[in-house]
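Chemist: Top line first, the protein sequences correspond to chains A and B. If you read the first sequence in this note's numbering, its first letter stands for residue 1, the second for the next number, and so on. If you read the second sequence in this note's numbering, its first letter stands for residue 1001, the second for the next number, and so on.
Worth double-checking, as some hints may not be accurate.
Lysine to aspartate or glutamate pairs mimicking EDC-like chemistry, simulated, CA-CA at most 16 Å apart [as the list claims (entries may be wrong)]:
1) K335/A / E1023/B
2) K281/A / E1037/B
3) K1024/B / E1066/B
4) K1016/B / D332/A
Since the hints were made in silico from the structure, they are not lab data. Computed from a predicted structure; not experimentally measured.
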Amino acid sequence: MKLFVPSPGDINSLKELMTAKEKIYSIFMAGSPDYIGTGRSNLASPQLEDIKEQTDFVHKNGVKMELVLNSSCMGGRQLTPEGYRINNWYIEKLVDIGIDSIVVADPYLVETISNNFDVDVVVSVLAFVDSPQKAEFFQDLGASSIVIDSNVNRHFDVLHAIRDSVDCELKLLINEGCLYRCPFRYAHFNFFSHAFGPEPRPNVLDDYYYLKCLELRIEAPEQIIKSPWIRPEDIKLYKDITDVYKIGGRTHFVDWILNCVNAYHNESYDGNLMDLLDCPKDLKDLFYIPNKSLDGILEKQWMNCKKVCNKCGYCRNLTKKVTQVYSNGGTDTEKCMPWETYSVKT
Amino acid sequence: MGNIFGENMITTELLKNRAGFEEKIRKLIGRPILLIELDLFALPCGCAGITANMRGLEVDDLEVFEPQLIALLKEMAANLDVKPTVSFARLVPGSSIVASLNWRTLCQRCYPEFARGEGKTPRPDLYLLQFERRK
Chain A
1 MKLFVPSPGD INSLKELMTA KEKIYSIFMA GSPDYIGTGR SNLASPQLED IKEQTDFVHK
61 NGVKMELVLN SSCMGGRQLT PEGYRINNWY IEKLVDIGID SIVVADPYLV ETISNNFDVD
121 VVVSVLAFVD SPQKAEFFQD LGASSIVIDS NVNRHFDVLH AIRDSVDCEL KLLINEGCLY
181 RCPFRYAHFN FFSHAFGPEP RPNVLDDYYY LKCLELRIEA PEQIIKSPWI RPEDIKLYKD
241 ITDVYKIGGR THFVDWILNC VNAYHNESYD GNLMDLLDCP KDLKDLFYIP NKSLDGILEK
301 QWMNCKKVCN KCGYCRNLTK KVTQVYSNGG TDTEKCMPWE TYSVKT
Chain B
1001 MGNIFGENMI TTELLKNRAG FEEKIRKLIG RPILLIELDL FALPCGCAGI TANMRGLEVD
1061 DLEVFEPQLI ALLKEMAANL DVKPTVSFAR LVPGSSIVAS LNWRTLCQRC YPEFARGEGK
1121 TPRPDLYLLQ FERRK
C-alpha cells in the first residue's frame, strides 16, 4: 500500500509525522498561496526555503514529497503572460528543490507542467475525474497520476472502467466526508481557491458552504453515511483498482493525522468513524458512529447500490441503527444517546 | 484558582451551561443541534456578553420557537451573571443559517446603533430576539 499523507506545512509537524515513516510513501502539502493557491484551507504558508528544508528532510527518511497547487479557480490569471511567467518560475523552483510530484486541478497546468518539467504531474481530485473518458483525457495531457473524484468511490463499475482505460497511476482519496454529489462542491472549492490563493483574498466572515453542509447533516445524518469515504477495513476491496491511497486532512493536528495513518495502514479502526473523516470535523463532537458497526456493508449493499435513495432507504435505516449523539458533552455526565432521541418523529 | 485539570469555577460553569443549553434546545427543536463554542466576551468599546456559536440552528427555528428560545437565553444569562441589553442571532445573510446566538450588555457607544434599528432584522445578518430600550 502506498499512503500519501498530509502535512500542515511546517517542519515541526513534519518531524512528528516522520515518526511513522515506515507507513508513509509520500507526504503532501500546499505551497505558498502567493503563486498558485489550493482548493482547501491551509494552516501554513511555506516559502521556497521552507519547502526545500522539508523536502530534504523527507527524502533523508526515504519518503517522497508532493506539492499541492490544486486551485480550482485562478480567475484566468494562469492564461495571462504574467501569470504564465510567475507560475512557470514557481514550478521551476519547486522542481529544482527536488519535489517528486505536483498536484494540479487545471488542465492547462497539467499540460504545461508535463511538457516543460521533469516532475510527475498528478491530477487533483478537484478536476473531478469520474469517468474513463475524463481519465483518458488527462492521461493524454500528460498526467502520471489521477486522484479519482471521490464521488465515485463506491461506484465499482466506474472505478473498474477507469482502471481499464488508462495506464497511469490511480489514487483514491479515502477519508473525505464530503456530501455525496455535493451541490456546493464547485462553489466551495472556488471560494477556497481565492481565499487561499494570491491576493486579493476575500474577507469572509462565515463560510456559507461549510455551515450549510453541517446544517444538512444535522437535519439528516444519513448524509454522513452516504458520503463516499472508504473505511480502513474496506481497502482490501479496492486492491484490483489501485494500491495508492491519499489521506485528506492537512488542516488537522499531527496526532489526528497519525491516527488516520495507523488506521489505514493497519486496515482496521476500532473507534468513532468520525475520528477518521477529514471533513466535517466539527461533527466529531456531535455524532458517534462505531466504525466496526459498518463491517461488511460495502460488500453487502454499497458495491451494488443504484443510488436511488428515495426508493431505497437503506442508509436512512442504517443511520437510525448505528448513529449516536453525544449528550452533555464536556461534562461529567457525558454519554451517547441514540440519534432518534433528538429527532422529531414523523 | 484552577484545579489540576486547569478547570476553575468559571470554566466548569461554562461547560455545564454549554451542555445544558444544547440539551434544552435539542429537545425544543427536535434536532441534535450543536453548540460548538460558548464564549464569554469583553470588547474594547465596553460591550460584554455571551456568544453561542451554533451548528444546525435555522432561521425558521427562531421564528417558530422565539418565546421559548428567549426564555432559555434569559436562563443562561442569569446563570452566568450577564444582564443583556440585547439578545440577537447572527445569520448568514439571505440563507437559513443561524451562525450564533448573542447576549450583549451594550456600552454607551454601541447602544444607539441598536436603538436606531427597526424591525426584527435591523441588518441583514442580525435577527433581534430582545432589546431593552432605555427610558
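Chemist: So which of the earlier hints does this model not fit?
Modeler: none
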